[in-house]
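Heads up: the protein sequence lines correspond to chains A and B, in order. Our numbering numbers the first residue of the first sequence as 6 and each following residue consecutively. Our numbering numbers the first residue of the second sequence as 9 and each following residue consecutively.
For the record, the hints were derived by calculation from the structure and aren't laboratory data. The reader is advised that the hints may include incorrect statements.
To be verified - SDA-like, lysine to any residue: derived pairs with alpha carbons at most 20 angstroms apart: (1) K117/A x G329/B; (2) K124/A x R10/B; (3) K121/A x L11/B; (4) K124/A x R17/B; (5) K24/A x M6/A; (6) K117/A x E21/B; (7) K121/A x M97/B; (8) K121/A x T203/B; (9) K143/A x E21/B; (10) K84/A x R10/B.
As the list claims (entries may be wrong) - Label-pair ranges, simulated between beta-carbon atoms: (11) R12/B x D178/A: 23 to 33 angstroms; (12) A390/B x E190/A: 27 to 37 angstroms; (13) E180/A x L340/B: 39 to 49 angstroms; (14) G145/A x D403/B: 51 to 61 angstroms; (15) L287/B x S148/A: 50 to 60 angstroms; (16) D76/A x D403/B: 14 to 24 angstroms; (17) R12/B x P206/A: 21 to 31 angstroms; (18) A34/A x C405/B: 20 to 30 angstroms; (19) L361/B x S148/A: 50 to 60 angstroms; (20) H142/A x L361/B: 41 to 51 angstroms; (21) D403/B x N11/A: 17 to 27 angstroms.
Cβ coordinates follow ideal geometry from the N, Cα and C atoms, glycine included.
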Amino acid sequence: MLRMENVSKTYRHRGHLVKALDGATLHIAGGDFVSVVGPSGSGKSTLLLMLGGMLSPSEGRVLLQAASVYDLSPRERAKMRREKVGFVFQTFNLVPYLSALENVQVPLFLAKMEEKAQKDRATALLERVGLADRLDHKPGELSVGQQQRVALARMLANDPAVILADEPTGNLDPETSQQIIGFLEEFNTEGKTIVMVTHDPRAAKRAKRTLRLQDGAITCQGAGEEAGWQPDSAVA
Amino acid sequence: MRLRTLVLREIFERKSQLLTSFLAILLGITVIVSIKNISHYSELAVAREMDSLGANVLVLPKSATLQDYYAADMQGETIPEEYVTTLAMSDLAGLDNISPKLSLPVELGGKTFTLTGILPKSEFQAKAAWQGAGIFSRPIGCGASVGMMGSDDKKTLARKRVIETLEDNEVLVGADVAATLGLKEADKLDVLGKTFSVTAVLPQTGTVDDSRIFAHLHVVQDLSQKGPVINAIEVVGCCQEISKGLVEKINHLLPDAKVVTVMQIAASQINVNRMMSNLSLMFLVIIIFVGGASIANYMYANVFERRREIGTLMALGANSGLVLRIFLLKALILGLAGGIGGYVLGTILAVTLGPKLAGVIVLPMPLLALLAVGISVGLALAASFFPAWRAARLDPCATFQEV
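This is chain B alone, in the form it adopts within the complex (with noise of 0.2 angstroms):
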């Protein structure tokens, strides 16, 4: 005999009375498990298809316009280049990535083409004032910018909009530039009197990117002749941050600037994570008020019922130290069944229902497990335990009412 024996015979024993409890943990586990693992592929999937699109925040000059960006013509208004020091130092989250850019419309082979200039990752990081306090040392927020920065292929700037190096004579050209200009890589270039060599054709994109060059930042600045400014930052903001007000953070810290978010690609991500996220908090509260008055219930009449048990207990020597950990026990027995009952359903709902609701491939979480088990075993203690002390408490005369 132990007090595990003692607790699970009574578990079997009066199961059918159980039965309510337990289903009610199981249940509310079960849909937390699975709304928690089916949001978290759907926001993992809308944030690549963010991440493909690039930014989702720019900072502009106060009186360009979204229409300015997409169409490359802002040469005409500027903001200066210390914006991206005052971003890059800021200590605001969710800014997983900081791209700022000049553009100057320059004429090859007879067409317009833009000539843009940006600035390598290596930048940001020689530059010791930045290190430590700079984006690249912080935690990825949302993951949209996973992956972001750590390639050396100069084409992932096409859809990353981060490139690790890129030295002074060098250039990447778009796909319609190449295609105009016959360019492909290693071939030299000439641009406002200066030659570059060709390192990389970007592929399509579909995006006025299609008709770039792309330099260096400071050598766009030098062919511009307007000193150290940029015609815009793209910003690459996590989600869940712009929808905290991110904008407005960054509208404080650069007051001479505007900023603006593409809400179309923005909203969508923003929109499915908090539908998700308050699905997932609804049925958290549920779970709390219905399956912790479920148990709660439960034992109380559990309690009452083995009363005169409790009380025959205590007259073959058991403390009320021991009665608590009977009933607490029993507690934790059942947090744990439905914690891990919840999980492995959870799972297997998320696993067959995600592709048909949301429409991405669910794989199984197993850091849910945890949450699971927590939350059920959590609830399961917390809702037992005044009744478990009301039974310590019991007055062991109750076994001899019948005299």
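If we strip away everything but chain A, and leave its shape as in the complex, we get (with noise of 0.2 angstroms):
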């Protein structure tokens, strides 16, 4: 489903070179739930972004359903952002003067699907993350919990196969944090592939593999529990 092949990410930073990724390699198959952890700076952030069609390496190559992603335009990478990927986001970014309906609508009218089309699966999408009663709440009236909800059924909205969640508990406390992986669990199981950047110890065992990277390069995989999981606060 996904891969990357000696992937290296370097750029400039007040005159010095730095490198964000170092020549990584992994193949994430079909179905699978990866956690990536590391300390700040790793270079989580640069691995998920490139998986995502967001941000071009310097060196390598990365594949999505066997085609490579930086080979494309960037309307078609746009597209298939549109159609193959779902991004859940830390702190939500959801647009804070749309209502959470119109919020999981963008996706579709980003796909050019009918209004009316697409305030049913919107409704059918917030049902689903148990919010059918705050269909009409702009997101300021919304608790954290409810609006990493509404992004996850703005994720789901376009049912794409590979969902990229960057640091999607770390503004929640643990009882909604536990909720939402529970979320990701459920559509991991429904076969969509997941990649989810973490700091929550907790929330990466919950995932099939782990991922660590340091210094952007990757250090160790393995399964969720064997892992060699290390707090953050220990390298950080």
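Both chains come to you apart, so use the hints to assemble them.
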């Protein structure tokens, strides 16, 4: 499903060359649930951005369903994100002036779905995450847990094959975090491939597999329970 | 969800931030519309006044003066009638009407009157060489002569300087002539041995025309035995063209004649028009700089404020074209609102203040709505283009900066 072949990313910051990712090679099969852990600045976000077709590598190739993501044109890449990738953000990134229903409609609008169908699908998705009674609420009128559930519904809108979650529980209390991870497990059971960047060891352990990043390099790959998990604070 | 919904929701959510830019464009358009509206009706009013006063440019013999012209005492000096042809066939803009004249003093009933030869409009049109090139085929310049050429009522000569037809045996008599000689329409009048029929008695004008007897130019030329000559060509020139050097151009065309402007008549209109035009231009420049800078500044700030939202949209699959459209549609809505609002407010101001400021009745001009919306939308789009373009090229990675 997802493949990185010897991918590196370097950029200049105040005259210094910074290596964000260093020769990363990995393969994530369809239906996998991978957590990515590591200290801050280790390249987790860079890895996620590259898998999502948002940041081109300096070297190497990124493939999604056998297509080389960065050999596509920007327009084709946008189409690929729209149809195959769902993002979940740490700060939810909901559009503040739109209601919960309209936020979920955004990806459907981008996919040029007819307005009535947009509303029906968005309503069904919000019902699925338990927000049937919050359709007309704006993000500012919802709790953080509810906002993240709206973001999950939005992510599911175009039925993506791949879910890229960027610290999905970072801003949530433990109870709500468990609820969100529960949803992700549920989506994974339905066949979706999930890559989740997290600092939360409990969340990381719920994945099938864990990748550990250190200074831009993948240092450890393994099953969730055996990945040599170390609390981030120990290495940060 | 539609693009329009997305844009309108954002506008209403952050309307207070948009208010300054909207007010800048609204007030600018309001001022432009009100000035244009008032100046249009002011120009029409002055043009009507000019029309009633008669010619504003005179082509005279070299040695003649304005006083000679007003005294109708120019029988000594003449210019060739072909000057009329030269003028009529020239490509000079702003010649709304030309009227050649030859005057002779005549004794009638013990008093001296002036027999003035004029050329009716039909004579111009009959000359094939003039058709298609003459002044009658041109669009009318400043509007001063609107309605001048189409009337069959010969009394219009008193005010409009032109009549449609005039037969060889017909005369038109001024009010003083008619009163002194007891003439009325259809009476016979003997002048220099030729009998004429009085076609019309002209209304009192308070000018030297009241003492004139108007006959066909070629008949007067025959009676004077001077050949194809005239004393003067009265020109109703468009005032904008006069201010752009029409007199110099006629002088260049007819170097052996003297071309003078009736300055005291033309100057007032030229000054009013120039002032209004300058004022309008000044406000256009102000709105372009102040309004444009305000919109551009607001749009840059808006793009900066929304960079995470833009990044999110891109992560959800929006391409840069859609992001560009989001900001340009917002600019279009701003421009439309400013243009329509400015037109309505400007028209209300013009209609209310016009009679007080310019002393003229001002009516709404729907055509100005197009100008208002055109300027407003054009300005809003132009000022927003670079901020919108910048938004479209924004790095979507900004959405992930918290990690």
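These are the hints, each one checked on the structure:
| no. | hint | in the structure |
| --- | --- | --- |
| 1 | K117/A x G329/B | holds, 14 angstroms |
| 2 | K124/A x R10/B | holds, 12 angstroms |
| 3 | K121/A x L11/B | holds, 15 angstroms |
| 4 | K124/A x R17/B | holds, 17 angstroms |
| 5 | K24/A x M6/A | violated, 26 angstroms |
| 6 | K117/A x E21/B | violated, 24 angstroms |
| 7 | K121/A x M97/B | violated, 69 angstroms |
| 8 | K121/A x T203/B | violated, 91 angstroms |
| 9 | K143/A x E21/B | holds, 11 angstroms |
| 10 | K84/A x R10/B | holds, 18 angstroms |
| 11 | R12/B x D178/A: 23 to 33 angstroms | violated, 38 angstroms |
| 12 | A390/B x E190/A: 27 to 37 angstroms | violated, 52 angstroms |
| 13 | E180/A x L340/B: 39 to 49 angstroms | holds, 47 angstroms |
| 14 | G145/A x D403/B: 51 to 61 angstroms | violated, 26 angstroms |
| 15 | L287/B x S148/A: 50 to 60 angstroms | holds, 58 angstroms |
| 16 | D76/A x D403/B: 14 to 24 angstroms | holds, 20 angstroms |
| 17 | R12/B x P206/A: 21 to 31 angstroms | violated, 46 angstroms |
| 18 | A34/A x C405/B: 20 to 30 angstroms | holds, 27 angstroms |
| 19 | L361/B x S148/A: 50 to 60 angstroms | holds, 56 angstroms |
| 20 | H142/A x L361/B: 41 to 51 angstroms | holds, 49 angstroms |
| 21 | D403/B x N11/A: 17 to 27 angstroms | holds, 24 angstroms |
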